[in-house]
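Single-letter residue listing:
Number of protein chains: 6
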Amino acid sequence: MTFKEIIAKLPYAKPFLFVDEILEVNENGISGTYTFDKNHDFYKGHFKNNPVTPGVILTESMAQIGLVSFGIYLMNESGESIDEIQIALTSSEIDFYKPIFPGEKVIVKSQKEYFRFNKLKCKVEMFNLNEELVCRGKIAGMIATKKLK
Amino acid sequence: MTFKEIIAKLPYAKPFLFVDEILEVNENGISGTYTFDKNHDFYKGHFKNNPVTPGVILTESMAQIGLVSFGIYLMNESGESIDEIQIALTSSEIDFYKPIFPGEKVIVKSQKEYFRFNKLKCKVEMFNLNEELVCRGKIAGMIATKKLK
Amino acid sequence: MTFKEIIAKLPYAKPFLFVDEILEVNENGISGTYTFDKNHDFYKGHFKNNPVTPGVILTESMAQIGLVSFGIYLMNESGESIDEIQIALTSSEIDFYKPIFPGEKVIVKSQKEYFRFNKLKCKVEMFNLNEELVCRGKIAGMIATKKLK
Amino acid sequence: MTFKEIIAKLPYAKPFLFVDEILEVNENGISGTYTFDKNHDFYKGHFKNNPVTPGVILTESMAQIGLVSFGIYLMNESGESIDEIQIALTSSEIDFYKPIFPGEKVIVKSQKEYFRFNKLKCKVEMFNLNEELVCRGKIAGMIATKKLK
Amino acid sequence: MTFKEIIAKLPYAKPFLFVDEILEVNENGISGTYTFDKNHDFYKGHFKNNPVTPGVILTESMAQIGLVSFGIYLMNESGESIDEIQIALTSSEIDFYKPIFPGEKVIVKSQKEYFRFNKLKCKVEMFNLNEELVCRGKIAGMIATKKLK
Amino acid sequence: MTFKEIIAKLPYAKPFLFVDEILEVNENGISGTYTFDKNHDFYKGHFKNNPVTPGVILTESMAQIGLVSFGIYLMNESGESIDEIQIALTSSEIDFYKPIFPGEKVIVKSQKEYFRFNKLKCKVEMFNLNEELVCRGKIAGMIATKKLK
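Protein chains in written order, with this note's numbering: chain A, 1 to 149; chain B, 1 to 149; chain C, 1 to 149; chain D, 1 to 149; chain E, 1 to 149; chain F, 1 to 149.
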């Protein structure tokens, strides 16, 4: 499965897609990048006259790369269908260390804690281009092709 | 300080403002509501053909009501200036239980854990109109009128 | 659904059934009892010449009453089939305070933390007949009627 | 002290003995194995027509190898008597990842967190013969030659 | 056992005694007070020209009232000897919210988490005379009349 | 900045100074030593006729070396003023493994978890001269040159 095929299977679309490329993926983890477009609508409101990427949007980018892209790979590897992927975030636990400004590029690294009964839990980290830690934590979600309930 | 004055001091603007009204606030906690407008841009991408409010946007609404609106009240009560409020999220730890669909109204309740050295940490909960728990956790952030660094 | 119907649906049989009766059950929690039969085989080996109920067997009784019996009730209430229930323990976190000797009766009380995507997590406590806390903790498991994988 | 001498000092007997051999032991940790006999009585009841090793029995095997066998070694090394060893489990905190079926062999690895005032706490892991992680966590217990109370 | 008898059995002496009086004690918890004498030697060095009670001394006062005085009461109630009490702190986990200045009086409240195998663990809180929370956390220690090792 | 210059900037004075020398310091961590003078006043009272270094004083030594000396270095490196340093302990979470007797020398090692908004949080460990772990945990505090409030 190529990196582009993984991204094509993501259930997200613009303007809520926060993955540009996958750099590496295997059984144990994944890494990828995203560049925050200066024209994102949320910069108009976060904050008034002072655009900074919201911490929750950093979290979303970590989840889309570190959890969902990774989960699609893992499901495909284990022979499951990856058409019509359903996602539900079940928990996030993140510490924030550095701000990310409009136009900055980030690298997300994720390591599998476990994947069982359609639940994937990962340790995730985001770095800026100076290799400084931006945020770090754990994200868990359900990933399935059937209707989640 | 009226509820409207609190909201007027929030450093957010549309489309990244997720507070409609404050219901109650005192030394120990705050509650407020928000109705997710069906026309939010993020529904176009989360998910493709299947609009559901992103978990990170639920988190942001909990932070704007439970942490930032509350912090503005607490700072004002203790006699500090609340002009040009600066905010930085430092940690979030959330479990998600129920989805919120476009157009749904939610109630956020927040209780102070501590507020010291410009850091406010709270326990927050979000409920839907059936009084079902939507998500719950802890959020902490820096809140100050001087430049944060 | 009667208490006896719940017990009849349990996927356990002797000698690994550690539920005698359900005392109460509703949307939020369950309580039930079990009396440890002096003739249980494990007393021969735990310990040599010194029979005490193994902590892990106390844990199993808490799980069968507090998680599995409760989960059968919750699934039935929400209209799901409860034929051919499948169970998998996913985590347990227990502190032990008092020993239980052969022949002692215990009461288990369990409160729901959440039930979503077939995963049920509960806070559980066990008491002896002097109302002393025997052990306490959290147990989580998957409960479904389809094959778990 | 030979590996066989450690096993001979264990306070357990069949059918509640879940240690076959010690592979290695030193000041910092221990490893050992156990093969789950298909004829164990508990398979008749866990589950009806569907024998799987109970999670609590996996926990017991981790405790007998990783905590009690290890504690006997540590007490003997420090010059304490190891006749008439008394054991009491004080806490367990385990996550379960893979099922173990009748007849499967497992390897348990344990690392000392601390041993003080007769309390031993360890990090323990269990693997199957494919080197897949079966379960993992922390177990603590009291180990003494005098009567524990 | 009177409150004064409890204090008389404490293994501490000046200048490292941080208990003035016990206000209440029963099976589940204890409360007591201490007034920080302005002449304590540590104020000379903490800090240079700026005397504030060190956080670790607040912790010590919480431990002497909330753990050791309480433990003496619990041991006496259960019929154990309380002559020549031996103490060893095993863990502390404290968050600090307000400073305490020379001459201030504090109230400590402690609740038992468990007392078993000579280990007592408590939830403790300290308040100032304005009923504001000063610090809060958990403290555990061994308490015995025999030599601890 | 030399090791001696760091110690000269510490806001502590005798008898509440528990740092003798810095051994090493860089962006990520620090190590240093302290020898507990037999004549410390606290040995008179902790315990009666049985002098042992109080656990809270071990904690203080870990904080003065691992947090405050380290913070002075980090602030100086980033170009901030280090005159009139203000300190406030915000949390400590320590496990104790070995006693330290009057006259013993200890080595403290500390690693940065994060330093942001004037808050420094570190993992700290103390060893005796036999390289045995004495205590270990996490300490966090505010460090600033302006008045903390």
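To be clear, the hints were calculated from the coordinates, so they are not data collected in a lab. One should not assume that every hint holds.
[Claimed, not checked] Below, in silico cross-link-like pairs of lysine-lysine (BS3-like), each with a Cα-Cα straight-line distance of 27 Å or less:
{"id": "1", "chain 1": "B", "residue 1": "123", "chain 2": "F", "residue 2": "4"}
{"id": "2", "chain 1": "E", "residue 1": "105", "chain 2": "F", "residue 2": "44"}
{"id": "3", "chain 1": "E", "residue 1": "48", "chain 2": "F", "residue 2": "98"}
{"id": "4", "chain 1": "B", "residue 1": "138", "chain 2": "E", "residue 2": "105"}
{"id": "5", "chain 1": "A", "residue 1": "4", "chain 2": "A", "residue 2": "105"}
{"id": "6", "chain 1": "A", "residue 1": "123", "chain 2": "F", "residue 2": "44"}
{"id": "7", "chain 1": "E", "residue 1": "98", "chain 2": "F", "residue 2": "48"}
{"id": "8", "chain 1": "A", "residue 1": "146", "chain 2": "A", "residue 2": "38"}
{"id": "9", "chain 1": "C", "residue 1": "4", "chain 2": "D", "residue 2": "121"}
{"id": "10", "chain 1": "B", "residue 1": "109", "chain 2": "B", "residue 2": "123"}
{"id": "11", "chain 1": "F", "residue 1": "44", "chain 2": "D", "residue 2": "121"}
{"id": "12", "chain 1": "F", "residue 1": "48", "chain 2": "E", "residue 2": "105"}
{"id": "13", "chain 1": "D", "residue 1": "38", "chain 2": "A", "residue 2": "112"}
[To be verified] Pairwise CB distance ranges (calculated):
{"id": "14", "chain 1": "C", "residue 1": "24", "chain 2": "B", "residue 2": "50", "range": "34 to 42 Å"}
{"id": "15", "chain 1": "D", "residue 1": "50", "chain 2": "A", "residue 2": "81", "range": "25 to 33 Å"}
{"id": "16", "chain 1": "E", "residue 1": "86", "chain 2": "D", "residue 2": "80", "range": "45 to 53 Å"}
{"id": "17", "chain 1": "D", "residue 1": "80", "chain 2": "A", "residue 2": "133", "range": "31 to 39 Å"}
{"id": "18", "chain 1": "A", "residue 1": "133", "chain 2": "F", "residue 2": "133", "range": "42 to 50 Å"}
The beta-carbon is built from N, C-alpha and C at its ideal position, and this holds for glycine as well.
For each hint, the structure was consulted:
1. 123(B) x 4(F): It is violated: about 44 Å lies between the C-alpha atoms, which goes past 27 Å.
2. 105(E) x 44(F): Satisfied, since the Cα-Cα distance of roughly 24 Å is no more than 27 Å.
3. 48(E) x 98(F): Answer violated: residue 48(E) to residue 98(F) is near 31 Å, above 27 Å.
4. 138(B) x 105(E): Violated: residue 138(B) and residue 105(E) sit about 32 Å apart, past 27 Å.
5. 4(A) x 105(A): 19 Å, holds
6. 123(A) x 44(F): 49 Å, violated
7. 98(E) x 48(F): Status violated; Cα separation ~31 Å.
8. 146(A) x 38(A): 36 Å, violated
9. 4(C) x 121(D): It is violated: about 41 Å lies between the C-alpha atoms, which goes past 27 Å.
10. 109(B) x 123(B): 8 Å, holds
11. 44(F) x 121(D): 34 Å, violated
12. 48(F) x 105(E): 25 Å, holds
13. 38(D) x 112(A): Violated - the C-alpha atoms of residue 112(A) and residue 38(D) are around 33 Å apart, more than 27 Å.
14. 24(C) x 50(B): 34 to 42 Å: 40 Å, holds
15. 50(D) x 81(A): 25 to 33 Å: 26 Å, holds
16. 86(E) x 80(D): 45 to 53 Å: 19 Å Cβ-Cβ, so the 45 to 53 Å window is violated.
17. 80(D) x 133(A): 31 to 39 Å: 46 Å, violated
18. 133(A) x 133(F): 42 to 50 Å: 27 Å, violated
The structure does not agree with the numbered hints 1, 3, 4, 6, 7, 8, 9, 11, 13, 16, 17 and 18 stated previously, though it agrees with the rest.
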